[in-house]
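Enquirer: Residue-level listing of the chains:
2 protein chains.
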Amino acid sequence: MDSLEVLWLPQELAPSSIADSRVVVIDVIRATTSMTTALAAGGQQVIPTGSVAAARATADRIRGSLLCGERNGLPPKGFDLGNSPRSFISELVAGESMIFTTTNGTAAIEMVIDARELRIACFRNVSAVARVLSDATDTKSTPIIIICAGRNGRIGMDDAWCAGHLVERILKRSPSLELGDGAQAAYTFAASLGRPTPESLAKTDAGRALCDLGLDEDLGHCAKVDDLSVVPIWCDGAFVKGGEEGADAG
Amino acid sequence: MDSLEVLWLPQELAPSSIADSRVVVIDVIRATTSMTTALAAGGQQVIPTGSVAAARATADRIRGSLLCGERNGLPPKGFDLGNSPRSFISELVAGESMIFTTTNGTAAIEMVIDARELRIACFRNVSAVARVLSDATDTKSTPIIIICAGRNGRIGMDDAWCAGHLVERILKRSPSLELGDGAQAAYTFAASLGRPTPESLAKTDAGRALCDLGLDEDLGHCAKVDDLSVVPIWCDGAFVKGGEEGADAG
Numbered sequence: 001m002d003s004l005e006v007l008w009l010p011q012e013l014a015p016s017s018i019a020d021s022r023v024v025v026i027d028v029i030r031a032t033t034s035m036t037t038a039l040a041a042g043g044q045q046v047i048p049t050g051s052v053a054a055a056r057a058t059a060d061r062i063r064g065s066l067l068c069g070e071r072n073g074l075p076p077k078g079f080d081l082g083n084s085p086r087s088f089i090s091e092l093v094a095g096e097s098m099i100f101t102t103t104n105g106t107a108a109i110e111m112v113i114d115a116r117e118l119r120i121a122c123f124r125n126v127s128a129v130a131r132v133l134s135d136a137t138d139t140k141s142t143p144i145i146i147i148c149a150g151r152n153g154r155i156g157m158d159d160a161w162c163a164g165h166l167v168e169r170i171l172k173r174s175p176s177l178e179l180g181d182g183a184q185a186a187y188t189f190a191a192s193l194g195r196p197t198p199e200s201l202a203k204t205d206a207g208r209a210l211c212d213l214g215l216d217e218d219l220g221h222c223a224k225v226d227d228l229s230v231v232p233i234w235c236d237g238a239f240v241k242g243g244e245e246g247a248d249a250g
Numbered sequence: 001m002d003s004l005e006v007l008w009l010p011q012e013l014a015p016s017s018i019a020d021s022r023v024v025v026i027d028v029i030r031a032t033t034s035m036t037t038a039l040a041a042g043g044q045q046v047i048p049t050g051s052v053a054a055a056r057a058t059a060d061r062i063r064g065s066l067l068c069g070e071r072n073g074l075p076p077k078g079f080d081l082g083n084s085p086r087s088f089i090s091e092l093v094a095g096e097s098m099i100f101t102t103t104n105g106t107a108a109i110e111m112v113i114d115a116r117e118l119r120i121a122c123f124r125n126v127s128a129v130a131r132v133l134s135d136a137t138d139t140k141s142t143p144i145i146i147i148c149a150g151r152n153g154r155i156g157m158d159d160a161w162c163a164g165h166l167v168e169r170i171l172k173r174s175p176s177l178e179l180g181d182g183a184q185a186a187y188t189f190a191a192s193l194g195r196p197t198p199e200s201l202a203k204t205d206a207g208r209a210l211c212d213l214g215l216d217e218d219l220g221h222c223a224k225v226d227d228l229s230v231v232p233i234w235c236d237g238a239f240v241k242g243g244e245e246g247a248d249a250g
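Residue numbers (my numbering), protein chains in the order written: chain U, 1 to 250; chain A, 1 to 250.
By construction, these hints were calculated from the structure, which means they are not laboratory data. Some hints here could point you the wrong way.
What the hints assert, rightly or not - Not everything, but these chain A residues come out facing chain U in the computed CB check (under 10 Å):
no.: 1; residue: Ala107
no.: 2; residue: Asp158
no.: 3; residue: Trp161
Said to hold, decoys possible - Computed cross-link-like contacts, DSBU-like style, restricted to lysine-lysine with a CA-CA straight-line distance of at most 35 Å:
no.: 4; chain 1: U; residue 1: Lys172; chain 2: A; residue 2: Lys224
no.: 5; chain 1: U; residue 1: Lys77; chain 2: U; residue 2: Lys224
no.: 6; chain 1: A; residue 1: Lys203; chain 2: U; residue 2: Lys172
no.: 7; chain 1: U; residue 1: Lys203; chain 2: U; residue 2: Lys224
no.: 8; chain 1: U; residue 1: Lys224; chain 2: A; residue 2: Lys172
no.: 9; chain 1: A; residue 1: Lys203; chain 2: A; residue 2: Lys77
no.: 10; chain 1: A; residue 1: Lys203; chain 2: U; residue 2: Lys224
no.: 11; chain 1: U; residue 1: Lys203; chain 2: U; residue 2: Lys172
no.: 12; chain 1: A; residue 1: Lys203; chain 2: U; residue 2: Lys203
no.: 13; chain 1: U; residue 1: Lys77; chain 2: U; residue 2: Lys172
no.: 14; chain 1: A; residue 1: Lys77; chain 2: U; residue 2: Lys203
no.: 15; chain 1: U; residue 1: Lys203; chain 2: A; residue 2: Lys172
no.: 16; chain 1: A; residue 1: Lys172; chain 2: A; residue 2: Lys77
no.: 17; chain 1: U; residue 1: Lys172; chain 2: U; residue 2: Lys224
no.: 18; chain 1: A; residue 1: Lys224; chain 2: A; residue 2: Lys203
no.: 19; chain 1: A; residue 1: Lys172; chain 2: A; residue 2: Lys203
no.: 20; chain 1: A; residue 1: Lys224; chain 2: A; residue 2: Lys172
Virtual Cβ for every residue (Gly too), placed ideally from N, Cα, C.
Start from the sequences and build out the full structure, keeping to the hints where you can.
Expert: Now the structure itself:
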């Protein structure tokens, strides 16, 4: 039987398990929400990098690319865009390559770029990601590993919450998947919390930190559920638009 | 305001935070259940050690001590007792020093022996632990950190479940404590699951592994709630009986 795992923290990862797995990384507040939004808005590709220096070096190599991301929640000096999902609008990002560096999300992604398949998810595309993973489940025997980025080495409620919704949606289509403790716990946790709202996300550690910076408005975007159908997939060093083409208005 | 944290995994620990904190370690299936049971049954002290070799060396130093614990769920060669809570009966352990080594529980304990105060909890003494911690909360400003031992580097449902019940009981007495994501998530998770039963614990990763070894009966002991009032506390290299004296039949 195929297995479905949720790692509440990237530190739970056994590197040996990656090469044969389909991996999904989640950082609701805000990296994977922003990246998904950026591609839905017509961005050409998102290139995650682990450090600000690496982001700058990559931007130097790719002419016309946009430097995006945050440290301590704010865009580093000279960056074109921060990490606010509401910044990634078609007018700014359509057709563009975006270099991203964030504190937790891109670090988690860097750990799993050798996965057999690598995607990112957030509440905005959670059903679309579940569809893509479930459709493949019937034909291939490949474990699914959902990785929560967490926050500064600790679990993040926002990520586990979204992971639980993803588990619930995958199970509806593939009920025979075998769940470990991480997946069972995320499922139970998310079922208990229901749908996110900006107010409920504001009570998480990441949400509180965002509000302290006056970025409360971002939570409205992070709490949107299933309004996007893009499923960013890792391809040759970048995330590109996958999923059901043409369905997003951007 | 005092803070109340739950670490779903020991890897979340920031070592610098330990010296000024009151720490509780939980490994429901089975280390902290067995240790608590052993002291409730009249054991004099429980000495956790990280390796089988260290356990044997310690036993050589302490005449008449009992070697207890497991690797892959079973007692290592020459050990007096395994890690089954039902083994720790008064007839065998009253007045004895017990050297314990287990795969996850003692490893987690070893990480935090420099805590300001260190206790262990399980479902059997969860209300007693909450009372001890809450009684101290009014007078001292010391963070409480509850650490789930987890299982082979991954989260364990049994531990997070018990941690959530501990949070719920502490909050009833000390409602002003500030909760981070780990504590909020454990609370929500445990409230959704309610009381444990042997059958529900059998569906966790640790429970399944135990059943595979034919040790299902242990789960009946791990699922008992609040039948013990002993609160093992770390004192000079060992856990000794704390809490409300004389209340346990053993």
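Enquirer: State for each hint whether it applies.
Expert: So, going through the hints one by one against the coordinates:
| no. | hint | verdict |
| --- | --- | --- |
| 1 | Ala107 | violated (15 Å) |
| 2 | Asp158 | holds (8 Å) |
| 3 | Trp161 | holds (8 Å) |
| 4 | U:Lys172 x A:Lys224 | holds (34 Å) |
| 5 | U:Lys77 x U:Lys224 | holds (29 Å) |
| 6 | A:Lys203 x U:Lys172 | holds (20 Å) |
| 7 | U:Lys203 x U:Lys224 | holds (16 Å) |
| 8 | U:Lys224 x A:Lys172 | holds (34 Å) |
| 9 | A:Lys203 x A:Lys77 | holds (29 Å) |
| 10 | A:Lys203 x U:Lys224 | holds (33 Å) |
| 11 | U:Lys203 x U:Lys172 | holds (29 Å) |
| 12 | A:Lys203 x U:Lys203 | holds (31 Å) |
| 13 | U:Lys77 x U:Lys172 | violated (45 Å) |
| 14 | A:Lys77 x U:Lys203 | violated (50 Å) |
| 15 | U:Lys203 x A:Lys172 | holds (20 Å) |
| 16 | A:Lys172 x A:Lys77 | violated (45 Å) |
| 17 | U:Lys172 x U:Lys224 | holds (21 Å) |
| 18 | A:Lys224 x A:Lys203 | holds (16 Å) |
| 19 | A:Lys172 x A:Lys203 | holds (29 Å) |
| 20 | A:Lys224 x A:Lys172 | holds (21 Å) |
In the structure shown, a violation is registered for the earlier hints numbered 1, 13, 14 and 16, in ascending order.
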